[in-house]
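Number of protein chains: 2
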Amino acid sequence: MHTNKNCIQRMSRYRNALNRFKGLGFSKIFSNYLADAVGSTSSQVRKDFSLFGIYGSKRGGYSIDCLIEQLNEILGKNELQKVVLAGFGNMGAALVRYKGFSKEGISILAAFDIDPAKYNKRINNIEVLPLDRLQPFVQEHQIKIGILGVPEIAAQHVLDLMVAAGIRGVLNFAPIQLKCPAGCVVNSVTLEHELENVIYFVNANEKTEGVAA
Amino acid sequence: MHTNKNCIQRMSRYRNALNRFKGLGFSKIFSNYLADAVGSTSSQVRKDFSLFGIYGSKRGGYSIDCLIEQLNEILGKNELQKVVLAGFGNMGAALVRYKGFSKEGISILAAFDIDPAKYNKRINNIEVLPLDRLQPFVQEHQIKIGILGVPEIAAQHVLDLMVAAGIRGVLNFAPIQLKCPAGCVVNSVTLEHELENVIYFVNANEKTEGVAA
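Chains as they are written, first to last, in the UniProt record's numbering: chain A, 1 to 213; chain B, 1 to 213.
A few of these clues could be false.
For identical chains, the list gives no copy identity; a pair is met inside one copy or between any two copies.
[Unchecked claim] Okay, derived cross-link-like pairs now, DSBU-like style, lysine-lysine, Cα gap no bigger than 35 Å in a straight line:
(1) K118 <-> K28
(2) K207 <-> K121
(3) K118 <-> K47
(4) K99 <-> K5
(5) K99 <-> K207
(6) K58 <-> K121
(7) K121 <-> K22
(8) K121 <-> K28
(9) K77 <-> K47
(10) K118 <-> K58
(11) K99 <-> K179
(12) K5 <-> K22
(13) K179 <-> K82
(14) K77 <-> K207
(15) K179 <-> K58
(16) K99 <-> K22
(17) K58 <-> K207
(18) K99 <-> K121
(19) K103 <-> K207
(20) K22 <-> K179
(21) K207 <-> K118
Hint data in this document are derived by calculation from the structure and do not stem from the laboratory.
Since this is a predicted model, take the numbers as computed values, not measurements.
Okay, chain A solo, but in the shape it has when bound (with noise of 0.2 Å):
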């Protein structure tokens, strides 16, 4: 099976599509009702499910409660994900507010930091533990997803605390390529680069209009 990171991407967008459309009343949807839900194409949205052996009727399209249901089961929905948080700086604490996570059945359950003062703050529920204590509390927990938000300098020593504790998944916010072994996997978010993409966009458009114009 050949799935990539935006094949995945896709999926997640579907899914939250789907919830949509089930909540306006819809019992089944037409790949091309999908595909402009999430600004993409019928033929993309086919050729995605295919991938994971999911096919439509071409009379009926596909029934969006099997299609939940099966999307669940690929973006592992079916059971809670639990989840380690290192660095709570501005970007750690701004993490464990955002509802986005509950809402999709992520629950951080900790978070780790260096800072003393920052011990004993709890929120949302979440403790502020030391680092030290990212090792046994990942391992009397069985977490395998970490999410990163220590600064640049730090990155790549506390990604490896996290990979010798048993983190196998990490979503790291630090604008810096890191390294892990083989079967561990780092997503990176670069909010700048992200930001700098528009920028590049937005100017690349206006050089257009002025050659059109």
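Since chain A is already given, all that's left is putting chain B on it; use the hints.
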């Protein structure tokens, strides 16, 4: 020129890595070093640069200073990038505190919200203003870039307000597909989907290991 989002994101990463190499005292660099530093391949690096008419020499590689200068030009780094933020919830409040933007020459000039309890707050010298001040503010300061940190249900409405005010590119954090007119660009970052991605690949790896074992 065929540039896409991934290519521009790599440009941001190259620039980041080049600044680190420069800090270490290097003045020249070969594509394979740069590739290693960003987790890419040397042929990808050369292909990306050639899209912008940037070529190194076989013997000496690329001049780091020249390359940074050219990437600064491409990514709009030669002038301060003025940005407005709509939505001063948890995410918005974290974004105004986020140091990554100012490091990259991106300045959030003001934040806008509909909740009067948030007005008169000032964080990092950024003021929170009523949403109906967005349009005159954007026009007065000739701002083209916005960040959308409002809830899903308000996102399309606030995006429309931004576009009407003159915003041409938006970084969106709401987990919903937004529609914008031609000539405008929306880049959506959905944190829960990014984490779902990690979860999917961790589960997929575990299944593969299970099969292999």
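Each hint tested on the structure:
For a Cα distance limit of 35 Å, the shortest separation of K118 from K28 qualifies neither inside one copy, at 49 Å, nor across copies, at 43 Å. In this assembly of identical chains, the alpha carbons of K207 and K121 never lie at most 35 Å apart, being 50 Å within a copy and 37 Å across copies at closest. In this assembly of identical chains, K118 and K47 lie within 35 Å of each other by CA distance neither inside one copy nor across copies; the values are 48 Å within and 46 Å between. In the homo-oligomer, the alpha carbons of K99 and K5 lie at most 35 Å apart both inside one protomer (23 Å) and across protomers (27 Å), since each shortest distance falls under that limit.
For the identical chains of this complex, K99 and K207 are inter-copy neighbours only, at 30 Å across copies versus 39 Å inside a copy, given an alpha-carbon limit of 35 Å. Taking CA atoms no more than 35 Å apart as the test, K58 paired with K121 passes in neither setting, with 55 Å inside one copy and 55 Å between copies. Within a single copy, K121 and K22 get their C-alpha atoms no closer than 39 Å, and across copies no closer than 40 Å, so neither meets the 35 Å cut-off. When the C-alpha separation of K121 and K28 is checked against a cutoff of 35 Å, the pair qualifies neither within a copy, at 47 Å, nor between copies, at 47 Å.
In this assembly of identical chains, K77 and K47 lie within 35 Å of each other by CA distance solely inside one copy; the values are 22 Å within and 39 Å between copies. In this homomeric assembly, K118 and K58 never come within 35 Å of each other (Cα to Cα): the closest approach is 57 Å inside a single copy and 51 Å across copies. Taking the closest pair of Cα atoms, K99 and K179 come within 35 Å of each other both inside a single copy (30 Å) and across two copies (24 Å). For the homomeric pair K5 and K22, the shortest alpha-carbon distances inside one copy (26 Å) and between copies (32 Å) are both at most 35 Å.
With identical chains, the CA atoms of K179 and K82 are at most 35 Å apart both within one copy (23 Å) and between copies (34 Å). Only between protomers do K77 and K207 lie at most 35 Å apart by alpha-carbon distance; the minimum there is 16 Å, versus 44 Å within a single protomer. For the homomeric pair K179 and K58, the shortest alpha-carbon distance between copies (28 Å) is at most 35 Å, but the shortest distance inside one copy (46 Å) is not. For the identical chains of this complex, K99 and K22 are intra-copy neighbours only, at 21 Å inside a copy versus 40 Å across copies, given an alpha-carbon limit of 35 Å.
For a Cα distance limit of 35 Å, the shortest separation of K58 from K207 across copies, 32 Å, qualifies, whereas the shortest one inside one copy, 44 Å, does not. Proximity of K99 to K121 under the C-alpha cut-off of 35 Å is found in both arrangements, the shortest distances being 19 Å within a copy and 22 Å between copies. Taking identical chains as interchangeable, the C-alpha atoms of K103 and K207 lie at most 35 Å apart only when they sit on different chains, with a minimum of 26 Å there against 41 Å within one chain. In this homomeric assembly, K22 and K179 come within 35 Å of each other (Cα to Cα) only across copies, at 21 Å, whereas the closest approach inside a single copy is 41 Å.
Taking the shortest Cα distances, K207 and K118 never come within 35 Å of each other, neither inside one copy (48 Å) nor across copies (38 Å).
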